[in-house]
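A.B. asks: Residues per chain are reported as follows:
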Amino acid sequence: MAIPDLRVPLMGHCILLLCYVVFYIKVVTAGEHMLELLNVSKRYSGIPAVDNVSFRARPGEITGYLGANGSGKSNTMKMAAGLIEPDTGEVFFHGEPIHADLMTYRRQMGYVPEEPHLYAHLSGLEYLAMASQLRDLDRKSANQTIHGLLRLLGLHDDRDLSISSYSKGMRQKILLIAALMHNPGLVLLDEPFSGLDVGSALILRSLIQTLAARGKVVLFSSHELETVERVCSHVIILHKGRVVADDSIEHLRTLMSLPTLEDIFSQLAVEQDADAISTEIADLIHA
Amino acid sequence: MRSRWATRKRQFRTLYRIFLLRVVDLNLMSADADPAKLVTQFATMFATISLFIALPAMIGLMGGGRTTGTNGWTAEHFLIETSMTIVGLVAVLNWDAALPDRQDVLILAPLPVRNSTLLLAKIAALLAAPGLALVALNMFSGVLWPVGFRAGDGGILWLLRAWFAYWSTIVLAGSFMVFAILAVQGVIANLLPRQYFLRVSAFVQAALLCLLLSVYFLAPSLESPAALTAPENQRMLACLPSYWFFGLFQQLNGSMHPALAASAAHARIGFFVASGGATVSLLLAYFRMMPKIVEQSEIVPRRNAREWSLPLGNSLQTAMTLFTLRTLLRSRQHRMVMSFYLGIGLTIVVGYIDFLSGSGQPKSTGISAAFLLASMLLMILTLLAMRVVASIPVALRANWILRVTQVRPANHYRIALRFSFLVLGVIPVMLTIAFLLLIERYPWRPATGHLFILFTLGTLIVEICLYSFSKIPFTCSYLPGKARIHFVFWAVLMVFIRLLYEGALLEQTILQHLLSCGLGLVLLVCSILGMRRLNTLLSGSELRFEEEYPADLVSLNIRLTSPTG
Numbered sequence: 001m002a003i004p005d006l007r008v009p010l011m012g013h014c015i016l017l018l019c020y021v022v023f024y025i026k027v028v029t030a031g032e033h034m035l036e037l038l039n040v041s042k043r044y045s046g047i048p049a050v051d052n053v054s055f056r057a058r059p060g061e062i063t064g065y066l067g068a069n070g071s072g073k074s075n076t077m078k079m080a081a082g083l084i085e086p087d088t089g090e091v092f093f094h095g096e097p098i099h100a101d102l103m104t105y106r107r108q109m110g111y112v113p114e115e116p117h118l119y120a121h122l123s124g125l126e127y128l129a130m131a132s133q134l135r136d137l138d139r140k141s142a143n144q145t146i147h148g149l150l151r152l153l154g155l156h157d158d159r160d161l162s163i164s165s166y167s168k169g170m171r172q173k174i175l176l177i178a179a180l181m182h183n184p185g186l187v188l189l190d191e192p193f194s195g196l197d198v199g200s201a202l203i204l205r206s207l208i209q210t211l212a213a214r215g216k217v218v219l220f221s222s223h224e225l226e227t228v229e230r231v232c233s234h235v236i237i238l239h240k241g242r243v244v245a246d247d248s249i250e251h252l253r254t255l256m257s258l259p260t261l262e263d264i265f266s267q268l269a270v271e272q273d274a275d276a277i278s279t280e281i282a283d284l285i286h287a
Numbered sequence: 001m002r003s004r005w006a007t008r009k010r011q012f013r014t015l016y017r018i019f020l021l022r023v024v025d026l027n028l029m030s031a032d033a034d035p036a037k038l039v040t041q042f043a044t045m046f047a048t049i050s051l052f053i054a055l056p057a058m059i060g061l062m063g064g065g066r067t068t069g070t071n072g073w074t075a076e077h078f079l080i081e082t083s084m085t086i087v088g089l090v091a092v093l094n095w096d097a098a099l100p101d102r103q104d105v106l107i108l109a110p111l112p113v114r115n116s117t118l119l120l121a122k123i124a125a126l127l128a129a130p131g132l133a134l135v136a137l138n139m140f141s142g143v144l145w146p147v148g149f150r151a152g153d154g155g156i157l158w159l160l161r162a163w164f165a166y167w168s169t170i171v172l173a174g175s176f177m178v179f180a181i182l183a184v185q186g187v188i189a190n191l192l193p194r195q196y197f198l199r200v201s202a203f204v205q206a207a208l209l210c211l212l213l214s215v216y217f218l219a220p221s222l223e224s225p226a227a228l229t230a231p232e233n234q235r236m237l238a239c240l241p242s243y244w245f246f247g248l249f250q251q252l253n254g255s256m257h258p259a260l261a262a263s264a265a266h267a268r269i270g271f272f273v274a275s276g277g278a279t280v281s282l283l284l285a286y287f288r289m290m291p292k293i294v295e296q297s298e299i300v301p302r303r304n305a306r307e308w309s310l311p312l313g314n315s316l317q318t319a320m321t322l323f324t325l326r327t328l329l330r331s332r333q334h335r336m337v338m339s340f341y342l343g344i345g346l347t348i349v350v351g352y353i354d355f356l357s358g359s360g361q362p363k364s365t366g367i368s369a370a371f372l373l374a375s376m377l378l379m380i381l382t383l384l385a386m387r388v389v390a391s392i393p394v395a396l397r398a399n400w401i402l403r404v405t406q407v408r409p410a411n412h413y414r415i416a417l418r419f420s421f422l423v424l425g426v427i428p429v430m431l432t433i434a435f436l437l438l439i440e441r442y443p444w445r446p447a448t449g450h451l452f453i454l455f456t457l458g459t460l461i462v463e464i465c466l467y468s469f470s471k472i473p474f475t476c477s478y479l480p481g482k483a484r485i486h487f488v489f490w491a492v493l494m495v496f497i498r499l500l501y502e503g504a505l506l507e508q509t510i511l512q513h514l515l516s517c518g519l520g521l522v523l524l525v526c527s528i529l530g531m532r533r534l535n536t537l538l539s540g541s542e543l544r545f546e547e548e549y550p551a552d553l554v555s556l557n558i559r560l561t562s563p564t565g
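Taken in sequence, the protein lines are chains A and B. Note that this note's numbering numbers the first sequence so that position 26 is 26, with each residue one more than the last. Note that this note's numbering numbers the second sequence so that position 124 is 124, with each residue one more than the last.
Heads up, some of the hints might be wrong.
What the hints assert, rightly or not - Straight-line Cα separation of at most 20 Å, SDA-like style, residue types lysine to any residue; simulated pairs:
| no. | chain 1 | residue 1 | chain 2 | residue 2 |
| --- | --- | --- | --- | --- |
| 1 | A | Lys168 | B | Leu312 |
| 2 | A | Lys140 | B | Thr117 |
| 3 | A | Lys140 | B | Gly313 |
| 4 | B | Lys9 | B | Thr117 |
| 5 | A | Lys140 | A | Pro184 |
| 6 | A | Lys140 | B | Ala395 |
| 7 | B | Lys292 | B | Ser175 |
| 8 | A | Lys240 | A | Pro48 |
| 9 | A | Lys168 | B | Glu542 |
| 10 | A | Lys168 | B | Ala395 |
Claimed, not checked - Chain A stretches covered by chain B per the calculated footprint, using a threshold of three residues with CB under 8 Å from any CB of chain B:
| no. | region |
| --- | --- |
| 11 | 79-92 |
| 12 | 119-126 |
| 13 | 134-147 |
| 14 | 259-266 |
Please keep in mind that the hints were generated in silico from the structure rather than gathered at the bench. Each residue gets a CB set at the ideal place from its N, CA and C atoms; glycine is no exception.
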């Protein structure tokens, strides 16, 4: 009896096994690197600012975080940044609660806050140098990165001017450099386009996409629905502290049979009738 | 429709309240802070001083006698001079409240508020702080001392006259100081472009502080008929406003020595010149500046040409030291407070040393006790002033960067903080003292011994300053009534100055023997290690950015709801 040639099916099995291992590694590693908020709540004087919020932001994806004023966006961002602790629930990164080892988490996180509050008595360069020293970055390479980023964002000539003389857009760029100079794995951007001119906004938009393409977790909160629609693959819509939508934009469009993100947002997170309110305002001031 | 007058009155009241609170920078305060408590705290401090000043008068009154002669004159002049100095200091510290700033104009200009209402509210708020200080400072002394100052037969009418004379003089003298400072401000504001005026203001403020303190502590005492009539003192009398108002008090009280007639006249002229000068120059400055405030930016920032990125220790130590240094050099508020404390301290040092050198202390072959005392005081005052200033925040909202970049445990920050105090406080004082020792050509052995002792003393003071200080300098919010460091500062200065002199005498002795010098150093090092151990045991694991009241009361977060809901 001739021995059947097992080489071909064996090779086939090996390739299949290899594909499975690669797929497993990709999925599991991706799961470990994602940012996850699980049943997170925050109350101020008994009033809920963020109420039982859960979502995931995955590497390679840009997660848009949308909501009206006072819906709890910035509070969620601050909790994700470890600046405030949730009353209940937990924030996970790499599958670990961030408060278990906040310092390791901070090393991997870059954060751009909603308002550009900076130490105005320092120059832009001094501020960034201080941030790099506090982050314990290597002096030489941090210096190179800071100067490079200042040059690319058009701030190099103004690097020695005091921040008190900077415009809002210039301050926003300093915040961006401070958030990115240590090559973080997680980027939290709270209204990053605020105050930026058109050119800088285009650069930032492209930068966010590049960062995601390089495997970083990007959580991005904004009021600019058009930008979110162009940039984000996945959106979370917050209304009165609660998540009312958590899906891809495409799927939301199909699900709600609405053509744009603005329509989806209006339906889910805007309670008032804009026309009626504007008429009421005009009537009130006329009276 | 409300009448125009009623509208203006209502606007005045609203603006007055806003400007009055502006005296305290609310942005620096903790969320729990109550600005009214800060005002009460200052008023209480002045009232306590008043009580202490009134004690000798109370003792004198219990003896039944009046305070007459040279003693009476010294007391009268001391009270007037102290009131003038304190009011002057408050007016200098209140400098920024005198003229409207960009924020005022941008918020108020679009509103239908007349410029004159704005100005009146600003002036009323401006005068309220020195007025409060003046009343609090004389709360007890202004009642008890005039009883002893009464002239004539000492009857009830003379008593009423003494009270009237005292309070009139105090109010006029205080007003003179405020008006004189406002006049200086008004003249500079008129002479210089606004941006230069803002830049120069900090230096003028510091100069005025030094001037007030130097005159208070170093001016000679001329409260005797012989000193008042001496021809060589006439020029001095004509230059010192406290003697003008001393003369005015005596004139109003009916107890005037003829030699003070000219001084009383100077007081009247001085008051009218200062008040007139302040009114005219401020009005001119006000109407000249108002349109320019919107058009021009505030202080034009300078390009920090030299890049200070030299490494000082590890990266955290470098960051903390440079941040502290830059804040001390560039923040006007911090520079002011630092120069205020250092100015008072240094003036007392100079005055004390002047007193010691005049009191015929035995000369020694080594370093003089006065020099040793001065160097120790300089070290203590510099470090305490740094500690006081470090607890005043610079920009609370910018603190988030320190939180998100905290990748090291809190004790690393404490080590870096200790390092920055040593680099910015101890080493500059050591270098100054070493330079002075070199100039004075003291023998090298005791000089080296003194430098070692001074360094260990400085390190010990740094450890004491860091007691329960789990913060990054200039980043924790301020809570009125919690930090008692200001009182500690004065307690240290007033109570231990005598003790330190004994310490200086002891050091003078031990510096002559190598063994005792070594023993002294060992004792100091042991104290440092003990204090450091205590700090390590008591320090928390977290850095503090928000000052909170101790949890004596626990809030239950119960909210009152309206009947409807």
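A.B. asks: Now look at each hint and say whether the structure bears it out.
C.D. replies: Consistency of the hints with the structure:
Under the criterion of a C-alpha separation no larger than 20 Å, the hint pairing A:Lys168 with B:Leu312 is inconsistent with the structure, at around 32 Å. Taken as a hint, the A:Lys140 and B:Thr117 pair is broken in the structure, with Cα atoms around 58 Å apart against an allowance of 20 Å. For the proposed pair A:Lys140 and B:Gly313, the alpha carbon gap of about 15 Å is at most 20 Å, so the pair holds. Taken as a hint, the B:Lys9 and B:Thr117 pair is honoured in the structure, with Cα atoms around 8 Å apart against an allowance of 20 Å.
With a C-alpha separation of about 18 Å, the suggested pair A:Lys140 and A:Pro184 falls inside the 20 Å cut-off, and the hint holds. Note on A:Lys140 and B:Ala395: the hinted pairing is violated, with a Cα-Cα distance of about 29 Å set against a maximum of 20 Å. Our distance criterion of 20 Å between C-alpha atoms is broken by B:Lys292 and B:Ser175, whose separation comes to about 30 Å. For the proposed pair A:Lys240 and A:Pro48, the alpha carbon gap of about 8 Å is at most 20 Å, so the pair holds.
Annotation: proposed proximity of A:Lys168 to B:Glu542 is violated, straight-line Cα distance about 32 Å (limit 20 Å). The hinted pair formed by A:Lys168 and B:Ala395 meets the criterion: a straight-line CA distance of about 17 Å does not exceed 20 Å. Here the region 79-92 of chain A counts 3 residues with a CB under 8 Å from a CB of chain B, which clears the bar of 3, and the coverage holds. Counting residues of the region 119-126 of chain A whose beta carbon lies closer than 8 Å to any beta carbon of chain B gives 7, which meets the minimum of three for the stated coverage.
As drawn, the region 134-147 of chain A meets chain B at 6 residues by the rule of a beta-carbon pair under 8 Å; at three or more, the given contact holds. Check result for the region 259-266 of chain A against chain B: violated, 0 residues qualifying (beta carbon to beta carbon below 8 Å, three or more required).
Violated hints for the displayed structure, listed by number in ascending order: 1, 2, 6, 7, 9, 14.
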